[in-house]
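> Residue numbers (the working numbering), protein chains in the order written: chain A, 263 to 462; chain B, 23 to 229.
One should not assume that every hint holds.
DSBU-like, lysine-lysine: derived pairs with alpha carbons at most 30 Å apart [claimed, not checked]:
#1 B:79 x B:36
#2 A:364 x B:153
#3 A:418 x A:278
#4 B:206 x B:224
#5 A:364 x B:224
#6 A:386 x B:42
#7 A:323 x B:210
#8 B:124 x B:210
#9 B:224 x A:386
#10 B:153 x B:36
#11 B:43 x B:185
#12 B:36 x B:119
#13 B:42 x B:206
#14 A:386 x B:34
#15 B:220 x B:42
#16 A:323 x B:79
#17 A:386 x B:36
#18 A:278 x B:224
#19 B:79 x A:418
#20 B:210 x B:79
#21 B:220 x A:418
#22 A:386 x B:220
#23 B:224 x A:418
#24 B:42 x A:364
#25 B:185 x B:79
#26 B:185 x A:386
#27 B:34 x B:128
#28 B:210 x B:224
#29 B:210 x A:386
#30 B:218 x B:42
#31 A:386 x A:278
#32 B:42 x B:185
#33 A:418 x B:36
#34 B:119 x A:323
#35 B:185 x A:418
#36 B:210 x B:153
#37 A:323 x A:364
#38 A:323 x B:153
#39 B:210 x B:47
#40 B:185 x B:36
Since the hints were made in silico from the structure, they are not lab data.
As the structure is a computational prediction, the values presented were derived from the model and not from experiment.
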Amino acid sequence: MIVPLLMCRSIVHEFKVYDKRGRLVRHGSFCSRSFTRNFVALQRLLLFDVNVAMWDRTNAKYTISREYIDDVDVAADEGNYYYGIILGTNNTQPAADDYWVKAVIAHSDTGLYYYAMSVSAELKGEGDVRYFTLSRTFENKGTDTITFYEVGLGAKIPTGGTYYLLARDTTSTAKGVGEDYVTIEPGYSLVWVMKPQIVV
Amino acid sequence: MSSHIVFEYVIKDKRGRVRKKGVIKGHSFVENYWKLVSMVVCGQDSTGVTDVNGNSKNINLIDIASDTTEPLSFTVIADEGIDAYGLVVGSGTDAVKMTDYKLASKISHSDTGLYYLGMSYSEEVTVPDTKDVAYFEVYREFENRSTDTDVVIYEVGLIYKAKASTGETIYVLIAREVLPEEEKITLKPGELLALKAKIQNKAIEET
Chain A
263 MIVPLLMCRS
273 IVHEFKVYDK
283 RGRLVRHGSF
293 CSRSFTRNFV
303 ALQRLLLFDV
313 NVAMWDRTNA
323 KYTISREYID
333 DVDVAADEGN
343 YYYGIILGTN
353 NTQPAADDYW
363 VKAVIAHSDT
373 GLYYYAMSVS
383 AELKGEGDVR
393 YFTLSRTFEN
403 KGTDTITFYE
413 VGLGAKIPTG
423 GTYYLLARDT
433 TSTAKGVGED
443 YVTIEPGYSL
453 VWVMKPQIVV
Chain B
23 MSSHIVFEYV
33 IKDKRGRVRK
43 KGVIKGHSFV
53 ENYWKLVSMV
63 VCGQDSTGVT
73 DVNGNSKNIN
83 LIDIASDTTE
93 PLSFTVIADE
103 GIDAYGLVVG
113 SGTDAVKMTD
123 YKLASKISHS
133 DTGLYYLGMS
143 YSEEVTVPDT
153 KDVAYFEVYR
163 EFENRSTDTD
173 VVIYEVGLIY
183 KAKASTGETI
193 YVLIAREVLP
203 EEEKITLKPG
213 ELLALKAKIQ
223 NKAIEET
């Protein structure tokens, strides 16, 4: 059972790994350490009409105007690892100026397979907690175990450099794992859920 | 990492000398704000909010994107004398709830009482060298123009001016914080309150 992180005022990460038969073999959860400056810039764009600076996945700086606020997209399609929830192998601790997942594991038909994102803007939670939900399923279609240390949330905005990092975390603070990484054995699948959350 | 809003203030006397400084601790975003954020991140067309009158209203994201008219329809930056939106203060002491949609008891703008000056904002999102936080700020000053009455403040809030999908202008509370009795802000006649709201993501490990 995943323990709810009721005091987490950030992204609650939850993950589950299933074997070939669909049986749950490991799971974990942790509170994010990193929304990035790009995420703060989006909030600024929402609250008043001034252009904001955002940094794309190559660390190039672009000016984003408010007309693009309705074009933010995290719902990446199957096979697209340029945005949505992205996995990587770097374990450097997150920083506010992170601009991309540092060592992305690419989508592959014979390795880590990225399924389509699922997003729901509907707020859930009760009492002092509210969150919305983003999730993605991955499958190891290769013959070797895949080990990852980092997870990011990328957004597609059709201006400037197109792909912008909103959050990046390492798995080192995950509870219930026992290691500072997560593994997916051949034929196994992973469901990763992000719950951006506020608490009063 | 913690995503929240922090209110900071400075009280200056009639001569401009700083009499008191403080930080209003709390986390204070309310449900309305997260509905707006989830709409943006998830690319939804619209979201339902509760306005300061307690009415359910719908806001369209495309209207925010195309908001190029003057004065702006979607903003928290209020002009002088406007207390309907922007940074606002009140005298209510009710505890903050996620579903709050108004201040418990807002103190209105007055030429002979609490005078609301115009708002301003920081030019950029700031990331200090420590790289553990990213933030931007909005500012407002309030002046007690009464000659003989203190203004006592127990609550602060941030209200978003928006346009409902029906076309009407609405006001939506997005953050509220309440000060305990021992930390209430007392503004004497002639004194100035400089209030700052810092919207930030800060690296704080929480479980």
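> Taking the earlier hints as the rules, which of them does this structure contradict?
Violated: hints 1, 6, 7, 10, 11, 12, 14, 16, 17, 20, 24, 28, 29, 32, 33, 34, 36, 40.
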